[in-house]
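Undergrad: The lines below spell out each chain.
4 protein chains.
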Amino acid sequence: MMISSRDTKKLQAILDRIADTMSTASERGRVANYIPELANVSNDHFGLAVVPVDGETLISGDADILFSIQSISKVFTLTLALEKYGSTIWDRVGREPSGDPFNSIVQLELEHGVPRNPFINAGAIVVADLLVEGRSPQQAIAEILSFCHGLAADAEIGIDQDVARSEERTGFRNVALASFMRAEDNIRSPVGHPLDVYFHHCAIAMSCRQLATAGRYLAASGDVHGDATKRISMACVRRINAVMMTCGHYDASGEFAFRVGLPGKSGIGGGILGIVPGVASIAAWSPGLNVKGSSVLASRAFEELAKATGWSVFAAPRRS
Amino acid sequence: MMISSRDTKKLQAILDRIADTMSTASERGRVANYIPELANVSNDHFGLAVVPVDGETLISGDADILFSIQSISKVFTLTLALEKYGSTIWDRVGREPSGDPFNSIVQLELEHGVPRNPFINAGAIVVADLLVEGRSPQQAIAEILSFCHGLAADAEIGIDQDVARSEERTGFRNVALASFMRAEDNIRSPVGHPLDVYFHHCAIAMSCRQLATAGRYLAASGDVHGDATKRISMACVRRINAVMMTCGHYDASGEFAFRVGLPGKSGIGGGILGIVPGVASIAAWSPGLNVKGSSVLASRAFEELAKATGWSVFAAPRRS
Amino acid sequence: MMISSRDTKKLQAILDRIADTMSTASERGRVANYIPELANVSNDHFGLAVVPVDGETLISGDADILFSIQSISKVFTLTLALEKYGSTIWDRVGREPSGDPFNSIVQLELEHGVPRNPFINAGAIVVADLLVEGRSPQQAIAEILSFCHGLAADAEIGIDQDVARSEERTGFRNVALASFMRAEDNIRSPVGHPLDVYFHHCAIAMSCRQLATAGRYLAASGDVHGDATKRISMACVRRINAVMMTCGHYDASGEFAFRVGLPGKSGIGGGILGIVPGVASIAAWSPGLNVKGSSVLASRAFEELAKATGWSVFAAPRRS
Amino acid sequence: MMISSRDTKKLQAILDRIADTMSTASERGRVANYIPELANVSNDHFGLAVVPVDGETLISGDADILFSIQSISKVFTLTLALEKYGSTIWDRVGREPSGDPFNSIVQLELEHGVPRNPFINAGAIVVADLLVEGRSPQQAIAEILSFCHGLAADAEIGIDQDVARSEERTGFRNVALASFMRAEDNIRSPVGHPLDVYFHHCAIAMSCRQLATAGRYLAASGDVHGDATKRISMACVRRINAVMMTCGHYDASGEFAFRVGLPGKSGIGGGILGIVPGVASIAAWSPGLNVKGSSVLASRAFEELAKATGWSVFAAPRRS
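Chains as they are written, first to last, in this note's numbering: chain A, 10 to 329; chain B, 10 to 329; chain C, 10 to 329; chain D, 10 to 329.
Looking at chain A on its own, in the form it has when it is part of the complex (with noise of 0.2 Å):
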């Protein structure tokens, strides 16, 4: 049976028991080392928010804590560089799986400096320097901003400015996929424009509410505030779903799919947001990670909530 993102009071307490459980659970994983700003977060979080399609939202455990979104904006920076340029971007960024792990370069060898998706960094830097062409950095980080506060109607979020410059001081990997690319000429701008417009938008820091608010157009058609003043395509809404599906979680994206069902996205700060298509937009925090780059608890409660609602787009109930 699936329950109904209307029934709010079996919802909650799902959440609530989920919630409670990761509370005291003792396989955490280990938060991210790489800069001290992450490094710093205590691993005892644990958040848990659903924005139904049409419903009130719900959260349970540290929903209103922010943290640092990271890999999961990409999903908001290839929106806004589909809205804006259309399906021309995949002359430059292809849609498969990788298999690789998320900072490869040994494929962007081999495939002469064209990422295989959006969603692995040489992918990411690529949509970064789709958006920052012909403008400052500065330009190109105000926009996407900007483009976050509308969807999830909050003009408070902002960037980790720590964070960012600690990235641009440590992300050398990331400087030598770009320059690879640029090498292929597949980065037009300066190398160091497109990094920086990517090194800002992996430090925007937001709440498990203020996620799954933003992430709600892909759960909706499109319809982001749900009240059809502002549309993002169903094109798009589909192929952003498709793609997270696919290659949301690196090379664990077939592990996620098997497991939960859902398209989603995860990134190095713990964070990971689901989607249901029709249904709702889920977003699940917890700092501590596997070996592969995901939140421990935040995979472990996708899972405990698809099993407890029965939603997950590979098993849908008579619906025709």
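You may find that some hints are simply not true.
Cross-link-like lysine to any residue pairs, in silico, SDA-like; alpha carbons within 25 Å at most [claimed, not checked]:
1) K93/A - K19/A
2) K239/C - S96/C
3) K301/B - A22/B
4) K301/D - T97/C
5) K18/C - A28/C
6) K301/B - K93/B
7) K301/B - T179/B
8) K316/A - A237/B
9) K316/B - A237/A
10) K316/D - V233/C
11) K93/C - R15/C
12) K301/B - G122/C
13) K301/A - G122/D
14) K316/D - S32/D
15) K239/A - S35/A
16) K316/A - E193/B
17) K19/D - S32/D
18) K19/A - A244/B
19) K301/C - E193/B
20) K316/D - V115/D
21) K301/C - D100/D
22) K316/C - S96/D
23) K93/B - A22/B
24) K316/B - T97/A
25) K93/A - R268/B
26) K316/D - D100/C
27) K316/B - A22/B
28) K301/A - E120/B
29) K301/D - S96/C
30) K316/A - S35/A
Please keep in mind that the hints were generated in silico from the structure rather than gathered at the bench.
Assemble the complex: chain A is given as a structure, and chains B, C and D must be docked to it using the hints.
TA: Chains B, C and D in isolation, oriented as in the chain A frame:
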């Protein structure tokens, strides 16, 4: 808007329009030529069948002509293995997209003989090894065929022995894969046994009508005949759909997810099986292939059908 | 200063000192254990033999005990193939270092079934295929053995049939390589034929004395017995020495060139054949291997011998 | 028969014949075109110089015209680093053939930022990092230039600043390599410093006469000027010759060893430095390259010179 699978009239019109378009399409791809039995099939064929979860079967074009289902058979052997051995099979085969062509041996070396997923050749040979362990190839082949008879409710379905023999004579690359995995101890029977099983189940011949009927359980939450007399477990169904979504078309799986948005599995005989969970099982067939080994017209038919019906797991209508 | 190979007394003292050191060395590596026939050899052995271009043979330690020459046999099959077929063999096998382990299949896939060089397993199987074409494996094996008899002037040299049978029973990775090349049409006989030849020539047993004698032509400009009665062409000699230098120790070839400075070929039976052009042929043997598959003590013996004698192709004394 | 380097008359005739043949050769390859300064060099040039260990320098063709020595400079920076830091440098760079093109980043990823050898770009950038550590790029460049002045006994040798600037502007792939190694902590200075050094030493301009003179120590057991006033250690000389033999021509190193049989190092300016240990240092130059990035005519000149003189480390005359 999403079309209901019970709106038979509208749906039949869509199928007929697609079959009509395909019959005159000039870009038809190239028929697989590695064995004479496949090379001799006329590239003029196109067939399409839709088996709704509840409702009558609809067909158009050459939907009753037999073709070699080839790799689509891997869906059925995986189901059989999962039903028999449960999740222990995942110790011997992964469930991540490979990012490589169907018969690549590179990843197999890097990952010590454990194939990335059960739909690349190496993975399907491991599944065949599971099914043949402790018995003769003939017994395992008979069991697989009998399982397909049950799924399709048609005991006429058989193996094209000429195709099986030809594959056996020319399948050196599959021998290489199996020998390599034997060296890594991930094939347990004599190398010839799983290969014998594999070559035979790939040579099963079905029509679009039979294939879509056989795949019905994947759309119907495991209910094989629609009358609850025979069930595949729901967990199995969800997981097979997930693996079809992320790995069903080798290194073009992302493309199918992106363009069509449904779990699917292609075979180099030109067939594609696609699933709309809760709605219908679909089979399309046309022998000409693209460079990735998928049928040009069957792929296109799925794309047009998805567009015309709104069927996609990534853009469900409100249903809560 | 370079020691002359005719300074017998000084040279014998050097050999004895080396053999003495090796007899008590504690770091001896691990005996190959993939077949029982190799695993059962005692790791206490160490033998060394030097056959000067002109002058008497010098030995020390276990230089008359038979061991399995394994991959060193590839030097002799390559010589035989070059003498029979000339440079046409380079259409089917390259002569570049592979940068990969001896039995890697990765490069073979990327380069469409043409092995990088004749000393990795795949390349040696291609050479075996050349030698077996148009005849039975038994005939090809007999020809190789007879060729070795001629080189070593010793018709007693034979094949350890237990080793050959064991390799045949367990050599699945070599079956994989051969099947893969068959699929790419770079094996022309039935796959079992070159493998049969390969498994048998790798099972040839020689002592250090016999092996250094058999390799003498590579030091002596092709003059097999030192009396001009039997000649290998100078072009062949130069080229085999070159391939030994760049490819003789798999992915540790650079290391041997760097430390020893002589063309050499190792085998996992623990033997190494080394050549000082114009001076001497050298064989060392000790069963324990390092992680790259080369004998720990035989490698060390070559390094110490090179240091003590000044023998190196990279630091010749003034001679013009 | 081997020709003595003191048989000046015979040797001069050989050089003249080779220069003559090359002047009219129609198959001349393509001049490197990635920077205008290299692309504008006429492909008509051919120069050859032989500097014997004892005896007068012989030249033919355009042996006094300056060209960009490019990667040949890596021989001199490696020598300088070895003399300064000894064998500790091998902790940061290997000495195995790479089996890959000169600027490949694949292997670097698989082997965690430690380049295979000091002659691929990544390895040379590590050597530059060693030389620049604790000082400014200008100081390191001055030291390298001064070292070359000493080797060639010619303080006129300089850097083509236009070439250096062009490389800096376009060398994104080298930036990628350096950034990648910085991420793996195998570059210790700010990424721009070793790159600055690297781009400048690759832009050193020499004539064939100067280059062969500068390489003389590699043939003369480390005796730089032939009068024992300046010495490179013998261990260093042997080892550099070994690395030149196995790694001097990227993924065509085996080919040069096979065809020529001498340690050598090529540059994409069209130059090749080759060493006959104990006999002579040789430089050849012609701007047109083959697909592997080696000069077509300089390679051919070495092959013909080796054939005419008998010079090869793999086929020494009897000398004991």
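Undergrad: Taking the hints in turn, state whether each one holds.
TA: Hints and how they fare:
1. K93/A - K19/A: Status violated; Cα separation ~40 Å.
2. K239/C - S96/C: Roughly 21 Å separates the two Cα atoms, so the pair holds.
3. K301/B - A22/B: Given pair K301/B, A22/B is violated - Cα atoms ~30 Å apart, limit 25 Å.
4. K301/D - T97/C: Roughly 22 Å separates the two Cα atoms, so the pair holds.
5. K18/C - A28/C: holds, 15 Å
6. K301/B - K93/B: violated, 32 Å
7. K301/B - T179/B: At roughly 20 Å apart (the allowed maximum being 25 Å), T179/B and K301/B satisfy the hint.
8. K316/A - A237/B: The hint holds at about 22 Å.
9. K316/B - A237/A: holds, 22 Å
10. K316/D - V233/C: Distance ~22 Å between K316/D and V233/C Cα, so the pair holds.
11. K93/C - R15/C: violated, 34 Å
12. K301/B - G122/C: Answer holds: K301/B to G122/C is near 20 Å, not above 25 Å.
13. K301/A - G122/D: holds, 20 Å
14. K316/D - S32/D: The hint holds at about 19 Å.
15. K239/A - S35/A: violated, 43 Å
16. K316/A - E193/B: Distance of about 36 Å is beyond 25 Å: violated.
17. K19/D - S32/D: holds, 20 Å
18. K19/A - A244/B: Between K19/A and A244/B the Cα gap is close to 23 Å, so the pair holds against 25 Å.
19. K301/C - E193/B: Status holds; Cα separation ~19 Å.
20. K316/D - V115/D: Violated. K316/D to V115/D sits at ~37 Å, over the 25 Å cutoff.
21. K301/C - D100/D: Roughly 18 Å between the alpha carbons, so the hint for K301/C and D100/D holds.
22. K316/C - S96/D: Cα-Cα ~17 Å, so holds.
23. K93/B - A22/B: Given pair K93/B, A22/B is violated - Cα atoms ~41 Å apart, limit 25 Å.
24. K316/B - T97/A: Measuring from Cα to Cα gives roughly 20 Å; hence the hint holds.
25. K93/A - R268/B: holds, 20 Å
26. K316/D - D100/C: The hint holds at about 23 Å.
27. K316/B - A22/B: holds, 14 Å
28. K301/A - E120/B: Holds. K301/A to E120/B sits at ~16 Å (cutoff 25 Å).
29. K301/D - S96/C: holds, 21 Å
30. K316/A - S35/A: Cα-Cα ~21 Å, so holds.
Violated hints, listed in ascending order, are 1, 3, 6, 11, 15, 16, 20 and 23; each of the other numbered hints is respected by the structure.
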